[in-house]
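**Q** So the sequences go chain by chain: A and B. Sequential numbering of the first sequence, starting at 839, is according to my numbering. Sequential numbering of the second sequence, starting at 839, is according to my numbering.
Worth double-checking, as some hints may not be accurate.
Identical chains blur together in the list; that is why a pair holds if it fits in one copy or across any two.
[Claimed, not checked] Below, simulated EDC-like cross-link-like pairs (lysine to aspartate or glutamate); rule was C-alpha separation at most 20 Å, straight line: (1) 944 / 967; (2) 841 / 880; (3) 889 / 957; (4) 870 / 911; (5) 862 / 957; (6) 848 / 957; (7) 881 / 960; (8) 870 / 953; (9) 862 / 960; (10) 841 / 960; (11) 903 / 856; (12) 944 / 957; (13) 862 / 943; (14) 889 / 943.
These are calculated hints, taken from the structure and not from any lab test.
Protein chains: 2
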Amino acid sequence: MEKIILTPLKIISHPLGDLYHILKSHEESFIKFGEAYFSTIEKGAIKGWKKHLKMTLNLVVPQGKVRFVIVDENTKQFNEVILSLENYQRLTVSPGLWVAFQGLEKNNLILNIADLAHDPAEVIRAELDHFPYSW
Amino acid sequence: MEKIILTPLKIISHPLGDLYHILKSHEESFIKFGEAYFSTIEKGAIKGWKKHLKMTLNLVVPQGKVRFVIVDENTKQFNEVILSLENYQRLTVSPGLWVAFQGLEKNNLILNIADLAHDPAEVIRAELDHFPYSW
Numbered sequence: 839m840e841k842i843i844l845t846p847l848k849i850i851s852h853p854l855g856d857l858y859h860i861l862k863s864h865e866e867s868f869i870k871f872g873e874a875y876f877s878t879i880e881k882g883a884i885k886g887w888k889k890h891l892k893m894t895l896n897l898v899v900p901q902g903k904v905r906f907v908i909v910d911e912n913t914k915q916f917n918e919v920i921l922s923l924e925n926y927q928r929l930t931v932s933p934g935l936w937v938a939f940q941g942l943e944k945n946n947l948i949l950n951i952a953d954l955a956h957d958p959a960e961v962i963r964a965e966l967d968h969f970p971y972s973w
Numbered sequence: 839m840e841k842i843i844l845t846p847l848k849i850i851s852h853p854l855g856d857l858y859h860i861l862k863s864h865e866e867s868f869i870k871f872g873e874a875y876f877s878t879i880e881k882g883a884i885k886g887w888k889k890h891l892k893m894t895l896n897l898v899v900p901q902g903k904v905r906f907v908i909v910d911e912n913t914k915q916f917n918e919v920i921l922s923l924e925n926y927q928r929l930t931v932s933p934g935l936w937v938a939f940q941g942l943e944k945n946n947l948i949l950n951i952a953d954l955a956h957d958p959a960e961v962i963r964a965e966l967d968h969f970p971y972s973w
């Protein structure tokens, strides 16, 4: 599996309210279910850096707009992805990568469907200036 | 397992944006992961009735406010639950019950984490006036 996968997701229009695909168990970026949780992020605020040693993240943004930056410390490669309902995709991030994210609108909501339940022992944190990124 | 379970969920405050629990794999209302998807529902609109023959629903409302009505056709019992971030709970609905829901605010978002992927063969629909409920 690639370390970062971006999967376009189907939006099904309905006169009473649309339906948005997220993840099905037969998809390649599904490993197993450990935990689902929502995060919010204030406009302009940046959460990060965080590296998961074991957890694979499956991220979607159903409200607002969020900039995710992912760093591979081995290749020093930076990846930037901006997700929203206008760019409705699932961002899968393998363990071992550094992730930070920034809220770009007034209300920003992120869903993570992870293969492990939260465990502080598998999370490493670094200050925002640890990587040279121009937010 | 009860046919309808309402589980209060933790909200963890954070200065940059709060975190909202949804579901962990070790919880009693988790069976297995089949599919996750979002639904939206317009203000005042009602989707339903729908009965799943096999799927167990795990519903949370991270945006807006939604009235869910669940009917057991054997006992003729109606259950009404209104979910929002102000009443942040997970509503677990076992298969065999009739469900309809109504949007109560401008933007209403529902997350369903189901134990099966969508399969039209396990869904039965009925018109809104099939059950006598005063919306």
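**Q** Each hint needs a verdict: does it hold in this structure or not?
**A** These are the hints, each one checked on the structure:
no.: 1; hint: 944 / 967; in the structure: neither (25 Å within a copy, 39 Å between copies)
no.: 2; hint: 841 / 880; in the structure: neither (27 Å within a copy, 38 Å between copies)
no.: 3; hint: 889 / 957; in the structure: within (12 Å within a copy, 37 Å between copies)
no.: 4; hint: 870 / 911; in the structure: neither (26 Å within a copy, 35 Å between copies)
no.: 5; hint: 862 / 957; in the structure: between (24 Å within a copy, 12 Å between copies)
no.: 6; hint: 848 / 957; in the structure: between (31 Å within a copy, 16 Å between copies)
no.: 7; hint: 881 / 960; in the structure: neither (28 Å within a copy, 42 Å between copies)
no.: 8; hint: 870 / 953; in the structure: both (5 Å within a copy, 12 Å between copies)
no.: 9; hint: 862 / 960; in the structure: between (25 Å within a copy, 17 Å between copies)
no.: 10; hint: 841 / 960; in the structure: within (17 Å within a copy, 36 Å between copies)
no.: 11; hint: 903 / 856; in the structure: both (18 Å within a copy, 16 Å between copies)
no.: 12; hint: 944 / 957; in the structure: neither (30 Å within a copy, 36 Å between copies)
no.: 13; hint: 862 / 943; in the structure: neither (28 Å within a copy, 29 Å between copies)
no.: 14; hint: 889 / 943; in the structure: neither (25 Å within a copy, 37 Å between copies)
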